[in-house]
Amino acid sequence: MPHINLPKEFPGIRSLFVYRPETAGPLNDLVQTLLHNPHPTLSAGERELIATYVSGLNTCKYCCSIHGAIAQHQLGNDAEIVKQVLDNPDTAPISSKMKALLKIAAHVQSGGKNVTSADVELARKEGATDIEIHDAVLIAAAFCMYNRYVDGLATWQPDDAALYDKMGEQRAREGYHTAPFKVAEVVD
Amino acid sequence: MAHIKLLNEELPGIVGLLNYRTDTGKALTDLAELLLRGPSSLSSGEREIIAASVSYWNGCHFCHTSHAAAAAAHLKSGLSLIDDIKAGLPETPVSDKLRALLHIAHQVQRNGKNVTEEDVAAARENGATDMEIHDTVLIAAAFCMYNRYVDGLSTWAPGPNEAYAEMGERMAHVGYGKF
Chain U
1 MPHINLPKEF PGIRSLFVYR PETAGPLNDL VQTLLHNPHP TLSAGERELI ATYVSGLNTC
61 KYCCSIHGAI AQHQLGNDAE IVKQVLDNPD TAPISSKMKA LLKIAAHVQS GGKNVTSADV
121 ELARKEGATD IEIHDAVLIA AAFCMYNRYV DGLATWQPDD AALYDKMGEQ RAREGYHTAP
181 FKVAEVVD
Chain L
1001 MAHIKLLNEE LPGIVGLLNY RTDTGKALTD LAELLLRGPS SLSSGEREII AASVSYWNGC
1061 HFCHTSHAAA AAAHLKSGLS LIDDIKAGLP ETPVSDKLRA LLHIAHQVQR NGKNVTEEDV
1121 AAARENGATD MEIHDTVLIA AAFCMYNRYV DGLSTWAPGP NEAYAEMGER MAHVGYGKF
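Residue numbers (the numbering used here), protein chains in the order written: chain U, 1 to 188; chain L, 1001 to 1179.
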């Protein structure tokens, strides 16, 4: 049960967005800008993989499941890539540049100072630009916030892969600013 | 030196990052302005103490010192508050409610799942409302982001407490995103 009295129709961060719409504004603007808006070089699917991977490291079921589903829909409905990234990025079917960016993301997750010059040099050697390094750090940092927000208030996190797939398909298509559907209606 | 080439290398901490990418910068400052200076039953001084404490626990010198200086500006306590936050606030008058909320913030800093029903019940017994518990969790979570952003890109930060006095006054009384 959530630690505070949240709307029951929506899971995870969506229940918090309905509870406190003022803070939902900038939180949604940030995720839309980082993950969905056009980017010079990183695809939306690649950015969603970073969000999914960090959410997995923070063991946030809701964020890991929903961003994994969004990533899957952004990456040609390929569930295998998401599964392998969560399992071990080094052996996943992704670019060497993405592997280096995920290593930076993992170090951000365990503590910002853990990102070393060697991590950054490796990413550069694999072709990463400054804006890609910046965005990998900020996406990882932002999910250290979203994950703690969702888990810290003990939000409802359904255990239903088909539900995350349906929500993920909507977000992959529409981005983050459109209204969510009432999950309780789908479950009933 | 920062891990990436910033547009203005003289800007310290997060300021150089907000200036590097202004679209994400706007969302980040809008959030800080709402959480720390927006309408709330917690005073801005109390909210800045939560932000500064979480930043200290995360080992982020720039965020800890600047937000502690902002708390000092709100509370007119003097800059000794910066070191008092490091010590767990032995010298600062802090309500039992704020102490309970700081405990929740510390649990969030480690991991969201560490917040227990007992932690929340203790805050309620000391008078905390649902919205205050919500905002405490979100402030703590948000500083787990800001701190990692600032340190993860290895930004430059002034050393001594005194170097943050004017910055703290501006954060407290002018606001975020208005520099």
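Please note that the accuracy of each hint is not assured.
[Unchecked claim] Take a look, some chain U residues computed to stay more than 10 Å from chain L by CB distance:
{"hint": "1", "residue": "D29"}
{"hint": "2", "residue": "C60"}
{"hint": "3", "residue": "A184"}
[What the hints assert, rightly or not] Derived coverage of chain L by chain U (criterion: at least 3 residues anywhere in the stretch with Cβ under 8 Å from a Cβ of chain U; other residues may be distant):
{"hint": "4", "region": "1003-1015"}
{"hint": "5", "region": "1028-1042"}
{"hint": "6", "region": "1047-1058"}
{"hint": "7", "region": "1139-1149"}
Quick caveat, the hints were computed from the structure, so don't treat them as lab data. Positions of the beta carbon are idealized from the N, C-alpha and C atoms, including for glycine.
Here is what the structure says about each hint:
1. D29: violated (4 Å)
2. C60: violated (7 Å)
3. A184: holds (21 Å)
4. 1003-1015: It holds, with 3 qualifying residues against the three required.
5. 1028-1042: holds (count 6)
6. 1047-1058: Violated: only 1 residues of the region 1047-1058 of chain L have a Cβ under 8 Å from chain U.
7. 1139-1149: holds (count 9)
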